[in-house]
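Residues per chain, in single letters:
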Amino acid sequence: MHARDLAKRFGDFEAVKGIDLDVRPGEAFGFLGPNGAGKSSTMRMVACVSPRTGGELTVLGMDPLAQGPRIRARLGVVPQQDNLDSELTVRENLHVYGRYFGLSRAHVRAKAVELLEFAQLSDRADDQVEPLSGGMKRRLTIARSLINEPELLLLDEPTTGLDPQARHLLWDRLFRLKQQGVTLIVTTHYMDEAEQLCDRLVVMDAGRIVAEGSPAELIAQYSTREVLELRFAPGTQDVAAVADLASRVEELPDRLLLYTADGEAALAAAHARGITPLSSLVRRSTLEDVFLRLTGRTLVD
Amino acid sequence: MAITAHVPSPPRAAWLVVEGLWTWYRRNWRSSVVSSVLQPVLYLVALGFGFGSQVRAGAATEGLPYVQYLAPALLVASATQTAAFESTYPVLSAFKWQRTYLGVTATPITSGQLVAGQLTWIVLRLGFSAVAFLLVAALLGALTGPGVLLSLVFALLTAMAFAAPVVAYAATIDSEGQQFNVVFRFIVMPMTMFAGTFFPVEQLPAWVRPLVWLTPLWHGTELSRAAAFGSMELLPTLGHLAYLVALLGVGAHLARRTFLRRLAV
Ligand SMILES: Nc1ncnc2c1ncn2[C@@H]1O[C@H](COP(=O)(O)OP(=O)(O)OP(=O)(O)O)[C@@H](O)[C@H]1O
Ligand SMILES: [Mg+2]
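Sequences listed follow chains A and B, in order. If you want the numbering used here, it's the position in the first sequence, counting the first as 1, plus 480. If you want the numbering used here, it's the position in the second sequence, counting the first as 1, plus 27.
Hints in this document: simulated from the structure, not taken from any laboratory. A quick note: this is a predicted structure, and the numbers were derived from the prediction, not measured. For glycine and all other residues, C-beta sits at the position ideal for the given N, C-alpha and C. Be aware that a few hints might be false.
Unchecked claim - Listed next, the in silico EDC-like pairs over lysine to aspartate or glutamate satisfying Cα-Cα at most 20 Å (straight line):
hint	chain 1	residue 1	chain 2	residue 2
1	A	Lys617	A	Asp685
2	A	Lys617	A	Glu597
3	A	Lys591	A	Glu629
4	A	Lys591	B	Glu89
5	B	Lys123	A	Glu610
6	A	Lys658	A	Asp672
7	B	Lys123	A	Glu567
8	A	Lys591	A	Asp607
9	A	Lys617	A	Asp607
10	A	Lys497	A	Glu629
11	B	Lys123	A	Asp562
12	A	Lys658	A	Asp502
To be verified - Ranges between beta-carbon positions, derived for each pair:
hint	chain 1	residue 1	chain 2	residue 2	range
13	B	Trp124	A	Thr533	26 to 36 Å
14	B	Val292	A	Arg688	16 to 26 Å
15	A	Ser694	B	Glu46	38 to 48 Å
16	A	Glu594	B	Leu241	30 to 40 Å
17	B	Leu167	A	Ser613	48 to 58 Å
18	A	Pro611	B	Ser58	34 to 44 Å
19	B	Arg284	A	Ala723	55 to 65 Å
20	A	Glu507	B	Leu65	33 to 43 Å
What the hints assert, rightly or not - What the simulated footprint calls covered on chain B by chain A, stretch by stretch (three residues with Cβ under 8 Å from a Cβ of chain A suffice, anywhere in the stretch; the number is not a length):
hint	stretch
21	51-62
22	133-146
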């Protein structure tokens, strides 16, 4: 996938403001960004369901505007909002969807059994979708996206609403797909997900890409090695008192984050000044810190 | 056996959409039989035989017993009513509540093929009901002869001439569908009452008649009765057909546009 100055405008509002992207075959690529950053808008353009309003876009070597159906035949799409047919059974959802890719009944039937196993839905196969839990529906949507054995899989917040066990299971499955050579493009609000899954990612904010790199590169470039978290009772934290102890200080409603190469040293210095937080924690920088730095917001809001 | 994903040919793609809708229907047909088959049969019995027993066969009934005069028109009217239902809530739901159309257009199927499939499905769906109605009507002795097979074709054409623009309209709706009640109350209902199903439009005041001529139902009813009673004449037939085909064509074209506008955003 290749994009240059890619833009999406809804009426007067520009949701994606000219982004450049290259995703190589076999890569796992991530989009991080706060609500409304334009992640889904971008994904929908790549999925060839939403026509771009500016710039260039090539997916699997073809132009979505000219060859949408041919590209879509080779894509797997997990949209942010499920669009299963809740009045059909779990299995029927897979059958009907698979047929749209020109696959034979016998093939779709066999493939459905395999995917139900994959999504751990075999025992619910002949139940209606309607009463399934949100996480089960999500797993079915993900299973459905694999029915055509896609070369490129687009996952828009795949694990939102899944319990921790289901998330880890899904990461494992996605990792296996990646090993089979499937290219993955994922949007997420979870930095652990991005760190686990993505070889490379971009941070989007307000329709623009504000940073790009591997998780480790981004942390090295935009954050310090360690972070000291000081938690205070509401209304008692004072940024000015610790400002000179770290290269940067972020203020969150309930705590201060001090960015420094040596967290323990900063903590000792704070204690020496008579600062008494309710609790303190020294940890390594994560993508969450990169995100906070770049967008001024936390990932999960 | 196709084991690799590919782009189905356009007719095949539309057919796959029909297949998907059929999968739903197979599971849920019972609920719709009441409204689409039982209801017209009840009309036929209550109005055709019951009320009709008080109507003397004469010029107004083309010399036939009222029930036989009514049957071919009721065929068209009930197909059109079912069409109105099938092209409103199911379409809105597939955009808004179930969002299944969004799923379909993420596959190689295009929005135009989706429209073609949805309309084809509606014809088939009406076809089942209409055939069931004809069988019952035949058993009850309400039919005049094999001419009703041609009436059946005209009934489906009429219903689709009405369904296509309604499908196009349904694709523009983003509410809970309150507007559909307006369609039912102010278009479908009066059309069924006054467009010649139960009595000849010549009985209506002159100023109302041009309104009736605008309805697809009137054209379809004229065609259906003429076919059933073997009284077809070339020019009126061509005129009615042209009007219905034009309405269907315009409706289908509009539906392609409204689907595309709704889906490709
Ligand atoms: N169909 C549409 N019409 C008008 N505006 C839209 C449409 N779709 C998205 N937008 C707007 O575009 C902006 C970007 O939306 P988008 O869904 O791409 O964000 P996102 O990064 O996926 O956010 P989230 O994390 O909440 O899913 C938002 O301000 C949204 O309101
Ligand atoms: Mg989104």
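Cross-check of the supplied hints:
1. Lys617/A - Asp685/A: Violated - the C-alpha atoms of aspartate 685/A and lysine 617/A are around 29 Å apart, more than 20 Å.
2. Lys617/A - Glu597/A: holds, 14 Å
3. Lys591/A - Glu629/A: At roughly 10 Å apart (the allowed maximum being 20 Å), glutamate 629/A and lysine 591/A satisfy the hint.
4. Lys591/A - Glu89/B: Distance of about 61 Å is beyond 20 Å: violated.
5. Lys123/B - Glu610/A: holds, 15 Å
6. Lys658/A - Asp672/A: Distance of about 18 Å is within 20 Å: holds.
7. Lys123/B - Glu567/A: holds, 14 Å
8. Lys591/A - Asp607/A: holds, 18 Å
9. Lys617/A - Asp607/A: holds, 12 Å
10. Lys497/A - Glu629/A: violated, 32 Å
11. Lys123/B - Asp562/A: holds, 12 Å
12. Lys658/A - Asp502/A: holds, 17 Å
13. Trp124/B - Thr533/A: 26 to 36 Å: Between tryptophan 124/B and threonine 533/A, where Cβ atoms are some 28 Å apart, the hint holds.
14. Val292/B - Arg688/A: 16 to 26 Å: Given a distance of about 21 Å, which is inside 16 to 26 Å, the answer is holds.
15. Ser694/A - Glu46/B: 38 to 48 Å: holds, 45 Å
16. Glu594/A - Leu241/B: 30 to 40 Å: violated, 56 Å
17. Leu167/B - Ser613/A: 48 to 58 Å: holds, 51 Å
18. Pro611/A - Ser58/B: 34 to 44 Å: violated, 19 Å
19. Arg284/B - Ala723/A: 55 to 65 Å: holds, 60 Å
20. Glu507/A - Leu65/B: 33 to 43 Å: violated, 59 Å
21. 51-62: Answer holds; 3 residues pass the 8 Å Cβ test.
22. 133-146: Check passed, 5 qualifying residues.
The structure is inconsistent with the numbered hints 1, 4, 10, 16, 18, 20, although it conforms to all the rest.
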